[in-house]
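Asks: Listed below are the residues making up each chain.
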Amino acid sequence: MRKLGFLLLLVGVLSFATIKVGLFVPLTGIGADDGLSALHGAQLAVEYINSHGGVLGDKINLLYYDDQTDPKQAVTLAYKMVQRDRVIAVISGSYSGPTRAAASIYQRLRTPMIAAYAVHPDITKAGDYIFRVGTLATVQGRAGAHLAVEKLGAKKIAILTMDNDFGVSLAKAFKSEAEKLGAKIVYEAKFSVEEKDFRTVLSEIKKKNPDVIYATGYYFNASKIVTQAKELGIYQTIIGQEGYDSPLFIQLSKNHAANGTVITTDLDRDSEKPVVKWFIKEYEEKYGRPADMVAASTFDAVMILKKAIEIAGKVDKSAIKKAMLKVKGEDFVTGFKRFTSFREAVREVVCQVVLNDSFHRLCKIDDPSITTPTR
Amino acid sequence: MQDVVNALVLGSIYVLISVGLTLVYGILKILHIAHAGIYTLGAFLGLMFYHMTGSFWVSLLLSIFLTGIAGIGVYRYFYRKVLGESRIVPLVISIGLFIVMQDLYRLVWGPYRQPFAVNFGINDIRINGVVITQHQIVILIITAVSLILVYLVMNHTKLGLAMRACAEDMAIAGTLGVDVERTISMAFFLGSALAALAGILVGVYENNVYPTMGEVPSYKSFVVIVLGGFGSLYGAVLAGFILAFAETLLVAWKGFVLPRDAIAFLVMIAVLMIKPEGLFRRATR
Amino acid sequence: MSLDYILTLITFSNIFSILTLSLNILVGYAGQVSLGHAAFFGIGAYTSAILAAKFGVGYWWTLLASVLISGIVGLLLGLPSLRVKHDFLVLATIGINFVVVSMFKYIDFFGGPYGIVGIPMAKIFGKELSTPGFSLYTSLWLVAVILFDMYLNRVYARYGFEAVKENEKAAESIGVSVPLFKIYAFTISGAIAGLAGNLWTYQMGMVFPDDFSFSVSISILTMLVLGGMGTTSGPVFGAYTLTFLPEALRFIQDYRMLLYGSIIVLVMMYQPSGLLGKNGILRKLFKR
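Chains A, B and C are the protein sequences, given in the same order.
Counted the way the working numbering counts, the first sequence spans residues 1 to 375.
Counted the way the working numbering counts, the second sequence spans residues 1 to 285.
Counted the way the working numbering counts, the third sequence spans residues 1 to 288.
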C-alpha cells in the first residue's frame with residue numbers, strides 16, 4: 001500500500017512541471033525577524049497561487065536560502081540559484097546591502113529579480129532585469145511631507161533621521177518637499193539604528209515646540225521614540241513610515257504610547273479587497289502573528305511575478321522581464337499599480353493612524369505628482 | 001537635568017553588565033564575549049518565567065539563579081580545558097559560543113522581538129518637567145542594592161577574600177588553601193547572575209527581548225572595563241557612569257556627527273593614549 | 001555554467017585568505033592581537049572605490065593607492081601599539097574598527113550609508129575580467145602573498161617578530177628593536193589588507209560600510225586561529241574552510257549557524273593551536 005502511494009506521488013511529481021522561483025532572505029543573525037516575515041509572505045503567495053490553479057497550469061516551486069544579511073552570500077547564492085537550481089526568477093526578501101550586491105549578478109545572468117522591501121535607491125539601476133515592489137523612499141518621504149503639511153497643517157516640523165540608507169533617503173525627500181510646501185524645519189538630529197535612548201534629542205525637540213515630528217526608523221526605534229516622547233510630555237503628532245508598520249510597533253510601546261501616531265505605508269488593513277482580507281486572515285492563522293509590511297510586500301512580489309509569467313504566456317526569462325512592465329492590477333495586497341519605465345513601483349500611499357492599539361486607515365495619497373517615482 | 005537622570009539609568013545598566021564581566025575577567029583574564037550571550041539568556045528566562053508565574057520578582061530570582069548556573073557551565077565545559085593555552089584560544093571559543101547561543105535563542109524563542117511589559121504600580125516622578133519613570137526608579141534601586149551586595153560579598157565574606165586572592169595570583173591562592181576551582185565557579189555564577197539581572201532590567205526598560213540583543217553589550221561592556229582598568233571593580237563602576245555621562249552629553253551636543261558607539265570608543269582610545277592601563281589602574285597590593 | 005558558483009566561492013576564499021595572511025603577520029608573527037583588522041580591509045576597499053567611481057582612475061593605480069594608503073594607516077595606527085599592550089590593545093583595535101566604519105557611514109565623501117556603487121569591472125591588460133578571470137586573478141595574488149609570507153617567515157624579519165612575540169625584554173637585550181618591528185608588522189599587515197580591499201571592491205562592484213564591520217574582524221581572526229596562526233598554510237586553510245562551510249552546511253537549513261558556531265568551539269577546544277598549527281591534527285596527517 002505504502003509503495004503504491006509512493007509510486008503515485010512520483011508520477012504526480014513527474015507529470016506536473018513546476019516553475020522554480022528563488023528567494024533569498026536573512027533567516028539567521030540580525031535580520032532574522034524580517035527574513036522570516038518575508039519568507040512567510042512568499043510561502044503564502046505560492047500557496048495562494050498553487051491552490052488557485054497555478055501559473056499557466058503549472059505549480060510554483062519556491063526555493064529559499066538564508067543570506068545572513070551578508071552581501072558575500074547573496075552574490076554566491078545568485079550563481080547557485082540561477083546556474084544550479086535553474087530558477088526562472090528571484091525574489092529578494094533581504095536588506096539593501098545583499099540585494100544591491102546580488103542585483104548586479106542577476107542582471108549579468110539575465111534573470112529577473114524583484115526586490116520586495118529593500119530601499120537602496122540604486123538597486124533598480126543595476127539594469128533592466130531588476131524591479132522593486134517596495135515604495136521608493138523618496139516617494140514615501142514626499143507623501144509624508146504632504147501628510148504633515150497639507151493634511152495635518154504643520155508649519156514647524158522637527159526631523160529625526162536614522163543613520164542608514166532608509167532613514168537618510170526618507171528624511172532628505174521629506175525635508176525638501178516640506179520646505180517646498182512652506183513648512184519650516186526647526187530641528188534635525190541623526191541617530192544610529194541601535195539607539196535606544198531618544199530622551200536627549202526629544203528634550204531638545206520639546207524646547208523648539210514643533211507642530212509635528214517626522215521620525216524615520218524601524219518599529220523598534222519607533223516604539224521607543226513614541227514611549228519616551230509621551231514620558232517627556234510631548235503630545236504633538238509623530239509621523240512615521242512603513243518602517244513602523246509592524247504589530248510589534250504597538251506591542252513594544254509602553255503605556256499605549258503608539259496611539260495617535262500617523263504613518264505612511266503600503267498595507268491597507270481596512271481594505272475591502274478579497275485578497276487583502278484573505279491574506280490578513282490566513283497569515284495570522286497560519287503563523288500566529290498579524291501580518292506586517294515586509295510580509296505583504298514579499299507576498300506581492302510573488303503575485304506580480306505570477307502575473308508577469310501569465311502575460312508573457314511562457315516561462316522565459318526575457319519574456320517575463322518584458323511582461324513585468326505590463327503588469328497592472330487590483331488584486332495585490334499592497335497598493336501596487338504598475339512599474340515605471342525604470343522599474344520602480346507606482347502605488348497609492350496609505351496613511352494609517354494608530355487608534356486603540358491597532359492600525360486604521362486615515363487617508364490615501366493618490367496624487368500622481370507625489371506617488372510617481374522619479375530618479 | 002533630564003540628561004542626568006537618563007545618564008544615571010544608562011550608567012546603571014552599563015555598570016551591572018560590566019561588574020559581572022569584571023569579576024570573571026579579574027580572575028581568569030579571558031575576553032569573555034559570550035557574557036553578552038549570558039545576558040540575553042537572563043532576559044529570555046526572565047520573560048519566560050514571567051509569562052509562567054506572572055510575578056516579576058519570582059521570575060527575576062529564578063532567572064538569575066539559572067543563568068548563574070549556566071555561567072558555571074560555560075566555565076566548566078568550555079573554558080577550563082583551555083586555560084593553559086594562548087589567550088587568543090578562549091577568546092575564539094567565546095566568540096563561537098556567542099554565535100551558538102544567539103542562534104539557539106532564535107531557534108527556541110523565535111527571531112521576533114517580544115514585549116516584556118511589567119507594571120510595578122509606582123507612579124512616575126515629575127519635578128520641574130524632569131521625569132523619572134517607574135522603570136527608571138526600579139533600575140536605579142536594584143542597581144544600588146546589587147552594588148552594595150557585591151561590595152559586601154567582596155569585602156566581608158570568605159568567598160570575596162578568596163576571589164580577590166585568586167585575582168591577585170591563582171597559584172599562590174591555591175597554596176594558601178583557597179579552593180580555586182570553587183572560587184572561579186562562584187565568580188562565574190555571580191558574574192552571570194549580574195548579567196541576567198541587567199538583561200531582565202534592559203528587557204523591561206526597553207520593553208523588548210530578542211535573540212541578538214547582546215550584540216551591542218558584547219563590545220560595549222569591554223569599553224567600560226577597559227576604562228575601569230581591566231579587573232578593577234571600583235574602576236568598572238566609575239567608568240560605567242562616566243561613559244554614560246560622556247555619551248549622553250556628546251549626543252546632546254548638536255554638531256557632533258558620530259554615533260554613540262563610536263563616541264564610546266573614541267573616549268576609550270583617547271583615555272588609553274594618555275593612560276595605557278585605563279583610568280583606574282588596579283591597586284597592586 | 002554552474003562553475004561560476006564554485007569560482008565565486010574561490011574568489012571570496014582567496015580574498016579572505018589574503019586578509020587572514022595579513023592578520024597573521026600581526027598576530028602570528030608579531031604577537032599583536034587585533035580585533036579590528038576589517039578597518040584596514042575597508043580603508044583599502046574604499047580607497048579603490050572612491051578613485052574608480054568618483055575619479056575614473058584605472059585599475060592599477062587604484063591597486064597601488066589601496067596598498068599604499070592602507071599601509072600608511074597601518075603605520076599610523078601601529079604607533080599606539082607601542083604604548084598600549086595586551087588586552088588593552090585588542091580593545092583599542094576594536095575601537096579603531098568602529099570609528100572607521102562610522103566615518104564611512106557619517107561622512108558624505110565616503111558615500112554615507114549608501115556606500116559607493118557603480119565601480120566598473122577591473123580592466124587588466126585591456127580586458128574586462130569575468131567571473132573565472134577574476135577568480136584566477138585573485139588566485140595569482142594569493143600565491144604572491146603566500147610567497148611573500150614564506151619569505152617573511154624565513155628571513156631575519158621572522159627572527160625579530162618571533163622574539164617580540166615571545167618576550168619583548170629578551171628581544172631588546174639581543175639588540176632587536178621592538179618598536180621598529182611592531183611598526184613593520186602593522187605597516188606590512190595594513191598594506192596587504194589594502195590589497196584584499198582592492199580585490200573586494202572589484203569583485204563586488206560596490207562597497208558598503210557594513211562590509212567592514214566588527215563582525216568581519218571577528219571572522220578574520222576566527223579563520224586565522226582555526227587554521228593555525230604563525231604558519232603560512234593555516235590562514236589559507238582557515239579562510240577556505242570558513243568560506244565554504246556555510247555553503248556546505250546549507251542542507252541543514254535552520255541549524256546552519258548553530259553547527260557553524262559549534263564547529264568553531266569544538267576545534268578550538270580540541271585543537272587549540274589550530275588545525276594546521278604546531279600540534280594540529282591536519283599538520284600531523286600531512287607530515288606522515
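Derived from the structure by calculation, the hints contain no laboratory data.
Quick reminder that beta carbons are idealized off the backbone N, C-alpha and C, glycines included.
One should not assume that every hint holds.
Here are the simulated distance ranges between beta carbons [unchecked claim]:
#1 A:D270 x B:L152: 39 to 49 Å
#2 B:I125 x A:G329: 52 to 62 Å
#3 A:G127 x C:Y255: 33 to 43 Å
Calculated pairs, DSSO-like style, for lysine-lysine (alpha carbon to alpha carbon, straight line, at most 27 Å) [to be verified]:
#4 C:K123 x A:K125
#5 C:K54 x A:K172
#6 B:K158 x B:K275
#7 A:K125 x C:K54
#8 C:K85 x B:K275
#9 B:K29 x C:K85
If you want the ones that stay clear, here's a sample from chain C, every Cβ over 10 Å from chain B, calculated [said to hold, decoys possible]:
#10 A53
#11 E128
#12 L129
#13 L249
#14 L258
Asks: Look at each hint and say if it fits the structure.
Replies: Each hint, compared with the structure:
{"no.": "1", "hint": "A:D270 x B:L152: 39 to 49 Å", "result": "59 Å, violated"}
{"no.": "2", "hint": "B:I125 x A:G329: 52 to 62 Å", "result": "56 Å, holds"}
{"no.": "3", "hint": "A:G127 x C:Y255: 33 to 43 Å", "result": "36 Å, holds"}
{"no.": "4", "hint": "C:K123 x A:K125", "result": "22 Å, holds"}
{"no.": "5", "hint": "C:K54 x A:K172", "result": "22 Å, holds"}
{"no.": "6", "hint": "B:K158 x B:K275", "result": "33 Å, violated"}
{"no.": "7", "hint": "A:K125 x C:K54", "result": "17 Å, holds"}
{"no.": "8", "hint": "C:K85 x B:K275", "result": "11 Å, holds"}
{"no.": "9", "hint": "B:K29 x C:K85", "result": "14 Å, holds"}
{"no.": "10", "hint": "A53", "result": "23 Å, holds"}
{"no.": "11", "hint": "E128", "result": "38 Å, holds"}
{"no.": "12", "hint": "L129", "result": "34 Å, holds"}
{"no.": "13", "hint": "L249", "result": "12 Å, holds"}
{"no.": "14", "hint": "L258", "result": "5 Å, violated"}
Comparing the model with each earlier hint shows violations of hints 1, 6, 14; every other hint is respected.
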